[in-house]
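The listed protein sequences derive, respectively, from chains A and B. The opening residue of the first sequence carries number 264 in our numbering; numbering runs sequentially from there. The opening residue of the second sequence carries number 279 in our numbering; numbering runs sequentially from there.
Worth flagging that the hints you see were computed from the coordinates, not collected in a lab. Careful, some of the hints might be misleading.
To be verified - What the simulated footprint calls covered on chain A by chain B, stretch by stretch (three residues with Cβ under 8 Å from a Cβ of chain B suffice, anywhere in the stretch; the number is not a length):
1. 408 to 419
2. 460 to 467
3. 566 to 579
4. 631 to 640
5. 740 to 753
6. 797 to 809
Small disclaimer: the values here were computed from a predicted structure and weren't measured. All residues carry an ideal CB built from backbone N, CA and C; glycine is no exception.
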Amino acid sequence: MTDRFETHEHDVLIIGAGGAGLRAAIEALKFGAKVGVVCKSLLGKAHTVMAEGGIAAAMGNVDSADGWKPHFRDTMRGGKMLNNWRMAQLHAQESIERVKELEQWGALFDRTDNGNILQRAFGGHTYKRLCHVGDRTGLEMIRTLQDRGVQLGVDVYMECTITRLMKDGDRVAGAFGYWREQGRFVLFKAKSVIICTGGIGKAWKITSNSWECTGDGMALAYYAGAELLDMEFVQFHPTGMVWPPGVQGILVTEAVRGEGGILRNKNGERFMEKYDPKRMELSTRDVVARSIYTEVKEGRGSEHGGAYLDISHKPAEVVKKKLPSMYHQFKGLADVDITKGPMEVGPTCHYMMGGIKVDAETAASTLPGLYAAGEAAAGLHGANRLGGNSLSDLVVFGRRAGEAAAKYAQSASMPKIDEAQVSAAERELLAPFERQGGESPYAVHRDLQDTMQSLVGIFRVEDDLKKALAALLTLKERAAKVSVEGSRMFNPGWHLAFDLRNMLTVSEAVATAALARRESRGAHSRIDCPETDPVCGKENHIIKDVNGKMSLSTVPKGPLPEDLQKILEEA
Amino acid sequence: MAEATLNIFRGDSTNGKRVDYKVDVTPGMVVLDALHAIQGHQAPDLAVRWNCKAGKCGSCSAEVNGRPRLTCKTRMDSLPLDRPITVSPMKTFPVIKDLVTDVSWNYAVNKKITPFTPKKDTDWKMYQQDIDRVQEFRKCIECFLCQNVCHVLRDHDVKDKFGGPRFFVRAASLEMHPLDVADRVPMIKEELGIGYCNITKCCTEVCPEEIHITDNAIIPLKERVVDEYYDPILRIVRKITGAKKA
Ligand code: SF4
Ligand code: SF4
Ligand code: FES
Numbered sequence: 264m265t266d267r268f269e270t271h272e273h274d275v276l277i278i279g280a281g282g283a284g285l286r287a288a289i290e291a292l293k294f295g296a297k298v299g300v301v302c303k304s305l306l307g308k309a310h311t312v313m314a315e316g317g318i319a320a321a322m323g324n325v326d327s328a329d330g331w332k333p334h335f336r337d338t339m340r341g342g343k344m345l346n347n348w349r350m351a352q353l354h355a356q357e358s359i360e361r362v363k364e365l366e367q368w369g370a371l372f373d374r375t376d377n378g379n380i381l382q383r384a385f386g387g388h389t390y391k392r393l394c395h396v397g398d399r400t401g402l403e404m405i406r407t408l409q410d411r412g413v414q415l416g417v418d419v420y421m422e423c424t425i426t427r428l429m430k431d432g433d434r435v436a437g438a439f440g441y442w443r444e445q446g447r448f449v450l451f452k453a454k455s456v457i458i459c460t461g462g463i464g465k466a467w468k469i470t471s472n473s474w475e476c477t478g479d480g481m482a483l484a485y486y487a488g489a490e491l492l493d494m495e496f497v498q499f500h501p502t503g504m505v506w507p508p509g510v511q512g513i514l515v516t517e518a519v520r521g522e523g524g525i526l527r528n529k530n531g532e533r534f535m536e537k538y539d540p541k542r543m544e545l546s547t548r549d550v551v552a553r554s555i556y557t558e559v560k561e562g563r564g565s566e567h568g569g570a571y572l573d574i575s576h577k578p579a580e581v582v583k584k585k586l587p588s589m590y591h592q593f594k595g596l597a598d599v600d601i602t603k604g605p606m607e608v609g610p611t612c613h614y615m616m617g618g619i620k621v622d623a624e625t626a627a628s629t630l631p632g633l634y635a636a637g638e639a640a641a642g643l644h645g646a647n648r649l650g651g652n653s654l655s656d657l658v659v660f661g662r663r664a665g666e667a668a669a670k671y672a673q674s675a676s677m678p679k680i681d682e683a684q685v686s687a688a689e690r691e692l693l694a695p696f697e698r699q700g701g702e703s704p705y706a707v708h709r710d711l712q713d714t715m716q717s718l719v720g721i722f723r724v725e726d727d728l729k730k731a732l733a734a735l736l737t738l739k740e741r742a743a744k745v746s747v748e749g750s751r752m753f754n755p756g757w758h759l760a761f762d763l764r765n766m767l768t769v770s771e772a773v774a775t776a777a778l779a780r781r782e783s784r785g786a787h788s789r790i791d792c793p794e795t796d797p798v799c800g801k802e803n804h805i806i807k808d809v810n811g812k813m814s815l816s817t818v819p820k821g822p823l824p825e826d827l828q829k830i831l832e833e834a
Numbered sequence: 279m280a281e282a283t284l285n286i287f288r289g290d291s292t293n294g295k296r297v298d299y300k301v302d303v304t305p306g307m308v309v310l311d312a313l314h315a316i317q318g319h320q321a322p323d324l325a326v327r328w329n330c331k332a333g334k335c336g337s338c339s340a341e342v343n344g345r346p347r348l349t350c351k352t353r354m355d356s357l358p359l360d361r362p363i364t365v366s367p368m369k370t371f372p373v374i375k376d377l378v379t380d381v382s383w384n385y386a387v388n389k390k391i392t393p394f395t396p397k398k399d400t401d402w403k404m405y406q407q408d409i410d411r412v413q414e415f416r417k418c419i420e421c422f423l424c425q426n427v428c429h430v431l432r433d434h435d436v437k438d439k440f441g442g443p444r445f446f447v448r449a450a451s452l453e454m455h456p457l458d459v460a461d462r463v464p465m466i467k468e469e470l471g472i473g474y475c476n477i478t479k480c481c482t483e484v485c486p487e488e489i490h491i492t493d494n495a496i497i498p499l500k501e502r503v504v505d506e507y508y509d510p511i512l513r514i515v516r517k518i519t520g521a522k523k524a
């Protein structure tokens, strides 16, 4: 202990307190581990609260024909078969139990007439499968997990940011960071670390993501030597708000379409008839997002450059009961009464399918002692995620990560962290104050968002991706020279300097992988390679730091076992 | 384009001053957008909490022109622009820096509440009409605006004796859960100090989730306290029949 920083010791350290982090904590506690959870915001504010539509689990409460097999099939098809099949299988099988468990911890889902959990239709799901609470399912889930974690006695370090993982040889040994409030430094020693830091939406200009979603965990794992998987797959949610400018990108839940909402262009045409006549508005997100984008591009967009989404044909009380926060959101922020007229919507950067490469059973990364779950991990969703599969992902793999990390910690000794790593992390954190006359991190962040929005968006092309990589190089140089003013006390400019470092690294991984995938699949659409290529479909992209350089390699996907192959061929 | 002046508290627990910033007002702009514009171009170290920018996380609470608001839901065009718009941190909680306050006391109160305790051997059947009122309480986004306006906390500062409206809402959500069997009435009386509340309804007025805090949570809880402490017959009947809920 020195006065330069405080030190805390845990068996299992969890970075991130969204659904995955809290579920992991609950599980690790069950195995007797001393658990610490670190989060950038206050407890209960993580991006999980923004999830609206529901949690997918094949309970069959509404459509009794549902079961894990159709859920598995839908997930694999939605992900264009690039998914890790074992993760898709575990997810479909275990999500049912995980939802029941939430109910047993106090969550109150909407009910069917005979007293069971009500389920609603959603894009890409064959059956009514999403358990929900109106359009605030994420809030219900995070509050339930938060209360459970607090009850079990988890140590939570709120408003604390991790900037580096610490290592002991090859093994992960903890993490270093700062308290956001006072700016003091803090060292966490831990036998195992679970990364549950979510996505990278803040690298794009139009996004549904909060300030927290800066790819921290992916970058931290990458700097420590872990492998990242399939980073080209970024989901643009088809329906974000487009007007007024201040609200651009804010999510409009897919539940609007799940409850019967219809998409039209400025000529009043129900354009999904053209792009996916069978599933229409409930097609997968990649298809709907591209359809809206194409309508706008070809001059058939709404007044402010989106599409019209209309639910006003449903009775006003039903809309207010099933979509209360959408009703208030449009009324308050856009002066639109959605029970009377259409909303204007357009694609918004929403979710990262790629992330830290993990083992399906244990959520272990390629680094000993390091685990990852939730959006920060990759594999389950393949090339495109189905709505509702994220909340279930968090609890299924959060639980698995918690168990595996706790067991690993039981058999491991407390690692040693050498002074050199700690002082390097400290120097890095102090540097922006010592540099004089550099740019503000906000300026570099704005340019990063413009670059990713215009060059690494829904439709991609080789030229743009190369330009993006060149631009990212320049941005990295600028970011390395930013200066910040003021003190270390709650200083958002200083905080952004490190979030920016992470965003730049992860953005580079996205552009690198997008350039390498010479096909169109799921959320990755290449104008210059419009076809889906069966050969590429058997390959995953791995990104790794090799001697300080980002390197990409292509690895073959494992073969699908026969029993699962059969399930895919049915129906 | 219209221009607005924001008059913002800058400082920490030891000293502070008010600083004017000018921003261009764009269509649909909310106060939080204006704060971000100031952060992005004029004062990068301006401390503000926010997450969702859509009224769902309860992070961005502050006092705008003296009124407790979520800054992400307060439209600039709803405020008079001919004079400076004042933005100040919530008064009830200690300032950390600028608009950021220390709300950790709320998390400590939360820990005192007996957790969800389900009936043994239930089949988990519940009906919508039986959970509607609890779902209202579970809409709470923990913005702590109700805590901020409640005079018991704001003017009398009895934080060690009184839990505040947010936690009556939480206690009510557990007490009225159809499958919960714990008895929280002594805790509500003694530790949350519900007797201090004199039903002024200020909390209900500011709740951005439009939870009827006083009518639906506090008054029924007060009734339970009265029943349990001042109506011994009813208490004995309940003990015998095992019925917790009236
Ligand atoms: S009604 Fe009670 S809890 Fe609400 S503000 Fe008034 S005194 Fe406080
Ligand atoms: S009850 Fe309402 S005002 Fe109080 S914390 Fe919850 S949402 Fe905010
Ligand atoms: S930022 Fe989430 S409620 Fe305002």
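Hint check results:
Figure legend: the segment 408 to 419 of chain A, annotated as covered by chain B; annotation consistent (4 residues with Cβ-Cβ distances under 8 Å, at least 3 required). Beta-carbon proximity to chain B at under 8 Å applies to 0 residues in the segment 460 to 467 of chain A; the threshold of 3 is not reached and the given coverage is violated. For the segment 566 to 579 of chain A, the stated coverage by chain B is not satisfied: 0 residues place a CB nearer than 8 Å to a CB of that chain, which falls below the threshold of 3. Under a criterion of three residues with beta carbons nearer than 8 Å to beta carbons of chain B, the stated coverage of the segment 631 to 640 of chain A fails, only 0 such residues being counted.
Check result for the segment 740 to 753 of chain A against chain B: holds, 6 residues qualifying (beta carbon to beta carbon below 8 Å, three or more required). Look at the segment 797 to 809 of chain A against chain B: 0 of its residues bring a Cβ nearer than 8 Å to a Cβ of that chain, fewer than three, so the hint is violated.
Hints 2, 3, 4 and 6, counting from the list given before, are not met by this structure.
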